[in-house]
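Chains as they are written, first to last, in my numbering: chain R, -9 to 352; chain E, 64 to 257; chain V, -17 to 277.
Since the hints were derived computationally from the structure, they do not count as laboratory data.
For glycine and all other residues, C-beta sits at the position ideal for the given N, C-alpha and C.
One thing to keep in mind: the hints can contain errors.
Stated by the list, open to error - Label-pair restraints from in silico Cβ distances:
1) E/252 to R/169: 54 to 62 angstroms
2) V/219 to R/32: 35 to 43 angstroms
3) V/172 to R/233: 51 to 59 angstroms
4) E/252 to R/57: 54 to 62 angstroms
5) E/169 to R/230: 56 to 64 angstroms
6) R/1 to V/276: 31 to 39 angstroms
7) R/47 to E/170: 29 to 37 angstroms
Below, each chain spelled out in residue letters.
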Amino acid sequence: MGYTAVRGGLDAIQNAEALVAAMPHCSDNPIDVRQVEAHLAIAVDRVMSEGGLIDPGLAAIAIKQAEGDLIEAAFLIRAYRSTLPRLGYSLPTDGSRMVVLRRISSIFRDIPGGQVLGLTRDYTQRLLDFDLLRSAAGHPPGQPPREVADPPAFPGVIGFLRNEGLLAPAPPEPSEDEPFDVTRMPLRFPAPRSAALQVLARGEAGAMLMLAYSSMRGYGGVGHGALGELRYGELSIRISHPITGRPVAIGHVRATEVHYLSGGHGSLQEGEAEEYYLGYGLVAGRDERKAISMAILDASLRYARPDDTQPVAQQEFVLTHVDSIESSGFVEHLKLPHYVTFQAGLQRSRKFKEMMGAAANG
Amino acid sequence: MSTTPLITPRASREQRAFRALLDAMSRPGSVHRLESGSQPGAAILALFEALVDHEVSFAVVPPAAETTEAILRLTGSRLAPVSEAAYVLATGPGIEVALANACTGDPEYPDRGATVIAVVESLAAEPGPGLELVLQGPGINGCCSLRVAGLPPRAVPLFLERNAEVPLGVDLVLLAPDGRLTCLPRYTRIQEAN
Amino acid sequence: MVSVATLSATHGEAISGYSYGFLDAISRREIRRALLKAVAIPGYQVPFGSRELPIARGWGTGGLQITLSLIGPGDILKVIDQGDDASVNAQNLRRLAEKTSGIETTTETARATIIQTRHRVPEERLRSDQVLVLQCPIPEPLRRVEPSTSVARRMHAEGDYSRMWLAIYEDIVRRGELGGAAGYPVLVNGRYIMAPTPIPRWDIPRLDMAECLFLIGAGREKRVYAVPPYTSVVPLEFEDYRFEVESFPGQRCARCGSGDSFLDEVNLADGSRLFTCSDTAFCDAMQQNEEVVRW
């Protein structure tokens, strides 16, 4: 009886915690959360979006704490979000009233308000900039933007097609009086559209990109369509005043909004339909890739042909598997001890092997 | 977190009420005690405080303005018709109305079947006043005996009728004004003794 | 810029403070309502609005939400993983419960009022004043034959388990005996097929007509379900192919000598193999010659 069981689990955890806590300080030039917020803004946006909580300061802390693991950072945000009281709900916001910082449409050459390229890497040449090796002094932010007298209006491009009656009608869907809140109620299938959009808005960028890409390449869904409009800018958040009941603006958030069109005859993947299927994407922060992916998935889930068995057309498949906190949690749970279940299985495997051996021998 | 959070008085009441309900639901016919004040209706409010809030609806049958107001104020919940409410508070002949009309859920979601909270005069596991019921089913070792005073005559037959197609059904909580309670979940088989 | 943090602070709930038991009152009430319905409908999976916790999804958030909804100052909590209190994840879950409630904890099975467990049922028989909370990765027993939860839900609604029985039959055809290792499907109260969580077959008979209450939580999949005391729980089997538990022929625990408990295999550096009790508290009690009530 010389075997001593291994103990010390709590010590191990506490040591691991000490190591983890030391990481953000383990150089002589630790990163400041303000630097994360200012210079890793896209990462900050992604963490807010998947965390389901719009607060750049908190997202920056999470990124620093998680050593840049954005899914882990989003998890920190989600867990924190769970502790916050629900203060109320905003009034619906109209995307066409966004204060536009960037706005393009691929389906018309020119549009009212114009094509505003804004801040984008799309047309830059991807050459590593070695000047960044030198830590240059930062430049103070430039002059504050001036108020433009008579800013142009940016009416939604889709409106033109809608007014002409060219958009396909909404498919039959479960009706809803109030938006479904996936953070408070478990999803049931078929899920109402508000639930689907909420899941996608919080969805993991890579998972959604992969599904959207597969659809564009012919694996079901609505496929390769066209970008009706993409805009990035500030959306005003308004609530009903608790006493007067009148709408009052309480702040703004930056968001990317996409209208995607498939079907019709204008896209590269000709559908049988004469009408256009509209997909909608709305993502917190600056994430055009995810907003486009979201719009492709929205359209695919609503308008895929009934006999389309590809994953991208299955609502339960898509909505269940795009949540990063759930997917990473489950995939990584494999690291937990499973030796009892393994032992139970090992017994059977050995028994079966014995059986097969006995059968072979005679 | 540097200091351990303390449990608030309300959270503590709710936790103890919930554990009493959980024990009673797990062991139908076993009698448990809510700690509630001695004022009339205190036991009812103690139960509603623990179970109900703005995420579910309730009904009161027969309608009783004062009780309804008290529940609304305490829980922030909302009224719904008897056939739709998740929690139905029933007294006297209202117990039969509640059992006859409360929602039994649907095949894919039998948990949507309502919980009827029937206020009776007294409850006991040992011999005492009232009707003697012999109970069998999940949670009961063989069978057990329950004495209830204040159940209207059609209550037991209606309970059995509405629960004839389990898992669809209605779950019953019997509550006495002194805070004693027991539960009869839908799978419980009831026979009236003698 | 006004942030949510500032808004919440002025709303009266301190940012650095947490509720007793971490969960807010509304979340707790929802889980409690779901648990009551779960107990009323043995073996049926009740959906609930599972909250995110500081522990990862897939690592016990379902079981933890149940435990945090149950506990009060009078409770004593034991947490085990693979039967071991000292397992890293069990320690972590216990710590979170302790930090957020100050609850008394123990490793002694008989002292606990609530036992949260992953993948084992304790070797010591549980009493009517004890609740066993099981962590569950996949609450849907029909997942093996049907990946879609909505189709599976319909199968449960109709009691149409033919595809499941067929799969079990096919196991017999392939191997001459019932297949399946841990998490063997059971029929509860004669009505619902239930996933007992990945406990070994050794533990399955303990669910049947027990004195204690079993509550099962799947946080990621957002379901809770229950087996009340004195409820029939029967593994799926055929008359001529019966369910059997694991056996450890000729083996005894290298620490306490027990020949009647589920054993873990330990492979040593010299190539030899020995076995020890998976249930460490039971093993400790046996070593100290304490009296242990068995199932």
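Next on the checklist: Taking 31 to 39 angstroms as the stated bounds, is the beta-carbon spacing between residue 1 of chain R and residue 276 of chain V within them?
Outcome noted: Given range 31 to 39 angstroms: holds, Cβ gap about 33 angstroms.
Item to check | Consistency of beta-carbon spacing, residue 169 of chain R to residue 252 of chain E, with hint 54 to 62 angstroms | outcome: For residue 169 of chain R against residue 252 of chain E, whose Cβ atoms are near 43 angstroms apart, the range 54 to 62 angstroms is violated.
Item to check | residue 219 of chain V paired with residue 32 of chain R, Cβ distance criterion 35 to 43 angstroms | outcome: The hint (35 to 43 angstroms, Cβ to Cβ) is violated, given that residue 219 of chain V and residue 32 of chain R are roughly 56 angstroms apart.
Next on the checklist: Tell me if the beta carbons of residue 172 of chain V and residue 233 of chain R are separated by a distance inside 51 to 59 angstroms.
Outcome noted: 57 angstroms, holds
Checklist entry - Honestly, do residue 47 of chain R and residue 170 of chain E meet the 29 to 37 angstroms range at C-beta? => result 49 angstroms, violated
Checklist entry - Is the distance from the Cβ of residue 252 of chain E to the Cβ of residue 57 of chain R consistent with 54 to 62 angstroms? => result Distance hint for residue 252 of chain E, residue 57 of chain R holds at roughly 60 angstroms.
Next on the checklist: Please check whether residue 169 of chain E and residue 230 of chain R have a Cβ separation lying inside 56 to 64 angstroms.
Outcome noted: Cβ of residue 169 of chain E to Cβ of residue 230 of chain R: about 34 angstroms, so the range 56 to 64 angstroms is violated.
Checked against the numbered hints listed earlier, the structure breaks hints 1, 2, 5, 7; every other hint is satisfied.
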